[in-house]
Structure formats: C-alpha cells, structure tokens
Amino acid sequence: MSKILVIAEHSDGKLNAGVAKAVAAAQKIGGEIAVAVLATDGAAVAAQAAKLDGVAKVVVVNNAANAYPIAAVLAPQIAELAAGYTHVLFPGTTFGKDLAPRVAAKLNVQQVSDIMAVHAPNKFDRPIYAGNAITTVEAAAGTVVATVRQASFNAVVGEGGSAAVETVSVSAALPSHTRFVKIEAQKSARPDLQAASRVVSGGRALGSSENFKVIYDFADKIGAGVGASRAAVDSGYVPNDMQVGQTGKIIAPELYFAIGISGAIQHLAGIKDARTIVAINKDPEAPIFEVADIGLVGDLFTVVPELQGKL
Amino acid sequence: MKVLVSVKRVVDYNVRIQVKSDGSGVVTDGVKFSMNPFDEIAMEEAVRLREKGKVTEIVAVTIGGAKNEETLRSALAFGADRAIHIKEEGEVQPLTAAKAFAAVLKKEGAQLFLCGKQAIDDDANQTGQMVASLLDIAQATFASKVEVDGAKAQITREIDAGLETLEVDLPAVVSVDLRLNEPRYLKLPDIMKAKKKPIETIGLGDVGVAIEAGSKTVKVSPPPARAKGIMVKTVDELVAALKSKGLV
Numbered sequence: 001m002s003k004i005l006v007i008a009e010h011s012d013g014k015l016n017a018g019v020a021k022a023v024a025a026a027q028k029i030g031g032e033i034a035v036a037v038l039a040t041d042g043a044a045v046a047a048q049a050a051k052l053d054g055v056a057k058v059v060v061v062n063n064a065a066n067a068y069p070i071a072a073v074l075a076p077q078i079a080e081l082a083a084g085y086t087h088v089l090f091p092g093t094t095f096g097k098d099l100a101p102r103v104a105a106k107l108n109v110q111q112v113s114d115i116m117a118v119h120a121p122n123k124f125d126r127p128i129y130a131g132n133a134i135t136t137v138e139a140a141a142g143t144v145v146a147t148v149r150q151a152s153f154n155a156v157v158g159e160g161g162s163a164a165v166e167t168v169s170v171s172a173a174l175p176s177h178t179r180f181v182k183i184e185a186q187k188s189a190r191p192d193l194q195a196a197s198r199v200v201s202g203g204r205a206l207g208s209s210e211n212f213k214v215i216y217d218f219a220d221k222i223g224a225g226v227g228a229s230r231a232a233v234d235s236g237y238v239p240n241d242m243q244v245g246q247t248g249k250i251i252a253p254e255l256y257f258a259i260g261i262s263g264a265i266q267h268l269a270g271i272k273d274a275r276t277i278v279a280i281n282k283d284p285e286a287p288i289f290e291v292a293d294i295g296l297v298g299d300l301f302t303v304v305p306e307l308q309g310k311l
Numbered sequence: 001m002k003v004l005v006s007v008k009r010v011v012d013y014n015v016r017i018q019v020k021s022d023g024s025g026v027v028t029d030g031v032k033f034s035m036n037p038f039d040e041i042a043m044e045e046a047v048r049l050r051e052k053g054k055v056t057e058i059v060a061v062t063i064g065g066a067k068n069e070e071t072l073r074s075a076l077a078f079g080a081d082r083a084i085h086i087k088e089e090g091e092v093q094p095l096t097a098a099k100a101f102a103a104v105l106k107k108e109g110a111q112l113f114l115c116g117k118q119a120i121d122d123d124a125n126q127t128g129q130m131v132a133s134l135l136d137i138a139q140a141t142f143a144s145k146v147e148v149d150g151a152k153a154q155i156t157r158e159i160d161a162g163l164e165t166l167e168v169d170l171p172a173v174v175s176v177d178l179r180l181n182e183p184r185y186l187k188l189p190d191i192m193k194a195k196k197k198p199i200e201t202i203g204l205g206d207v208g209v210a211i212e213a214g215s216k217t218v219k220v221s222p223p224p225a226r227a228k229g230i231m232v233k234t235v236d237e238l239v240a241a242l243k244s245k246g247l248v
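Protein sequence lines correspond, in order, to chains A and B. For the first sequence, our numbering gives the first residue as 1, with consecutive numbering after it. For the second sequence, our numbering gives the first residue as 1, with consecutive numbering after it.
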C-alpha cells in the first residue's frame, strides 16, 4: 500500500488552497495520506490540514528556521521526513515547483512535474510543450516525488476530517546561505492572473498602451485579471509579466476573453485549459476562432464597451 | 567572477506541436529548433552582469546530441566566452543533467549558475533546483531581478504571492523568469565572431556521471480536443450565450 506525504504550503497561519488539491491527487493514488507542516509553530495550520478529507495523519516540525519557506532550508527536513513514504507530493504552485526538485535530488530520484491524472500509483499523465501534448510516464523505482497540477484536481473538502496531529523533530543540518529579505504582495487591485476565475486579455489590435484602458475597464467591471498576448507585450503596450502564453503565464480560468488577439500558437498554448474562451476580433479568419467557444467578429472598440454596458 | 549558463536546444516556440500517430513522442523531423527562450534570458543576464563589471567570464554549457552545438554557437554569439558540450545522444532526464552541470560548476569554480526556469519542451522546471541541491548551495528560482554584490547576491523572485527578495551567499543557482530582461537580437558580426570561439566537447563519463533509469515515457498523446464553438453576430447574442452557460 502506498504511504503518501503531502507537503503543506502555508502563510500567516493559513493552509494554502493548493494543499487540498494535492491531497485529492493523493486520494487517486490511494493509500495512507499524511500531511507535513513545517513552521515556527505549526499548530494552527496542522489543525486545518487535519480536517481535510482523506488525511490520516499530520506531521508537524516546529523550528524557528521555518518562519519563512526557503527551499534550501525545508528540503533537508522533508528528505528526512520522507523515510518510509512511497510518495512525496507538493502542490504545483511556485512554492512546490521551487522545493520539490531540491527534495528529489536529495533522495536521488527523478521527479514527476505537474501530474494531471493518476493511472496507477507510479503512472501519471503530465503536460509537455505547454500542454500541447500529454505524456504518460511511469516513475522509476524509489520514492515518487511529484508536483500536482492545480488546474487538474478539485480540492478535497476541508471540514469533516479529524486526523491525528503528531509533532516530530528532525536532525538534518540546515543551511544559512539563503536568507529571506522581504515579500511585496502584488499591488494591483485586480485578481492575480494565474488564480483569477475570469481573465481578459488584449492583443496587438489594441494599438497602444492608452487604448488598453478598454481592456482594464472591462476587466474591472467583471472582476477579471488582465493579460496580454506576446504581440501586445512586444509592441510595448503592457509589461511582460502580463504575457499569457507558452513563454508567459499558462492559465486556466473559468472564463477567458481574447480581445483583438489573432491566436498565435504560443498564445493558444497558454489558454487551452480555460473552461470557456470568448474571442472578439475583427478578422473572421483569425485562428483564435478555431479554439473559441463563443466568437464575435467585430471592432473591439465598439463591441467591448457595449458588452461592458450590458453585463 | 565566473558565471556558468546552461542552455537547451528545444523545438522553437512558434512551432505547432504535432504528436506522432504511434504515440512515441512529438514530430521533430523538419521542425525548427532554437535556444529555450528562458535560457536566452539567462544568457542575456550573464552578459548584462559582465557589462556592469560584476562578471569576468561567461561559460555556456549544454548536454545532448551533436546538433546542440548550434545552441552553444547562439550562446557564444550572445557573448559567452567559451562553451562546454556534454555530448550524449540518448535521453537525458533532469537529475542526470543536474549531476553533470553540478560537476562542471564545481570544476570551473563558477560563482553563479544561471538557467531558464524551465525548458519549453518537457516543462520539467527541475534542473536548476537539483544542481543547487546536489552541491548544497543556495538557489533562487523564477528570478525577476538579480543584483550581485561581492560574495552575495540579492534576487527578486516572481512567486504566486508577489515579489519575494532573497539574499544568497555565492556560489548560487539562479533560474530566470520572463520579466528579468529582454534578450538582445543577435547581430551578424556577433554570430560570425561566435564561430571562432572555443567549444570543449566532453562525455558524461568525463564528469563522473552515468545515465540512470529514470521515468519511462509510456506514450504521448494530443491534448483532448475542445468542443466546437459557436459564432454570434451581436453583443446581445454574446450576452445571451454567456448567460445560458451560467457564466454571467
């Protein structure tokens, strides 16, 4: 039977939502599920993890060095905790992506990144080429270290469970070569592009950074995050951290508006997991219409304000 | 200070990927390849650090078959002083690549290892972190700002919660993200000059690494096709369609 250790991401005493998705993947693998909480004082986070459906045990490591999650500090502790487990799973967030390979290398195993489906305890689907292909892989012998793709699993319920909480100590030497300085939260009042359930993106057809106001206004009306195509970024209309696509952000919102975006392959790669894609473009031949669920041919400068007024 | 930059040859980001009908992989014959875009950003950063006087030597490294020499030539055209080609025709998985790069980093005594946050072919996002882990040195992934100051560096990282700043002791591994810089266009004179720069070719065995059994690819499939969409003629029809799907 599999014994699965899920690593908890948390901040300010709150369990990150991605952990419940990693637990969902653990349930598909099947077996005994434990959650590890590494913190200064992990009691509050452990209490939340203990309620997650399917979790049998919560392991807490309290150490002042864990005040802020630093991969180099967490990895040796997790590698030690991993003894006796068949799987170590991380949420596929920047926290997990940063940390998991550091643990895998300590355990001398290859890692499986971004699992999106479980076929067997060691057999998974994962996306390659920005999701333009799906590969089914069998992990090699040894501990399976994997990150869990956030868009692919529904979070388990966090109400009913009552897992045992156990505080343990680890003996691993912790490095001091990496020090936390500060974190600046996103200043934008708009939802984060990668977490937003609605996203509005603008493309080259916007024509200037001033004209992007049409996109911002519409996004604010419907509470959406704002993105852009590479063409809009390359033209200097918006900064490149707004870029959606293979070399930018890969997103999976419930509702996506592609406005004045022709639909280059590299952009489509970033939005293929969106639940519903709406395309507005004046060129009826634009490739974006091949993937759109709802398409409207028209001038964005008249269509978007009209749409904004009617929603 | 010496910096080592790893670069990978990948299918160009503008190519529409096609999965082979036998499920053994994606079509790569007759397809354009180029340097992984994130590695271009890493190369650019190395060159900028040299322009600021922080870096004295830039060494590019890659692992893979004979064709990877093209990618090293691009790195040399960017401004690398020399390159190391770890020649291996078989499949190389991240941990194996990381072991080889860690060995080269140690041998070269480089103070900084720069790489793209991930390659756009396998999207693994592992190698940099593994190099740091194997050598027990600092890592800063998803960098959007790199400031080197003597034996330390301050790195700003683009993470889910915002922008995080870490201070690391060198040597360190830094994996770079999109907003760090915009890579320059390679000019013909630089491309010509790159042809004369040295590439050292070695094997995995020369750095004491063997190919190990890794994850096995069972099959590669195309992603599920999207259902065919509808075209609407007016904004009112669009609003009605959104309402019928329960989206507004």
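Derived by calculation from the structure, the hints in this document are not laboratory data. In this text, a Cβ means the ideal position worked out from N, Cα and C, and glycines have one as well. Treat the hints with caution; some may be incorrect.
[Said to hold, decoys possible] Using 25 Å as the maximum straight-line C-alpha spacing, the simulated DSS-like pairs for lysine-lysine come out as follows: (1) B/Lys20 - A/Lys123; (2) B/Lys219 - A/Lys28; (3) B/Lys87 - B/Lys216; (4) B/Lys87 - A/Lys272; (5) B/Lys54 - A/Lys249; (6) A/Lys221 - B/Lys243.
[To be verified] Which chain A residues stay away from chain B? Per the calculated CB distances, all over 10 Å, these: (7) Ala44; (8) Lys51; (9) Tyr85; (10) Ala130; (11) Asn154; (12) Thr178; (13) Ala195; (14) Gly207.
- Item | Which numbered hints fail | Result: hints 4, 5, 10, 12, 13 break, sorted rising.
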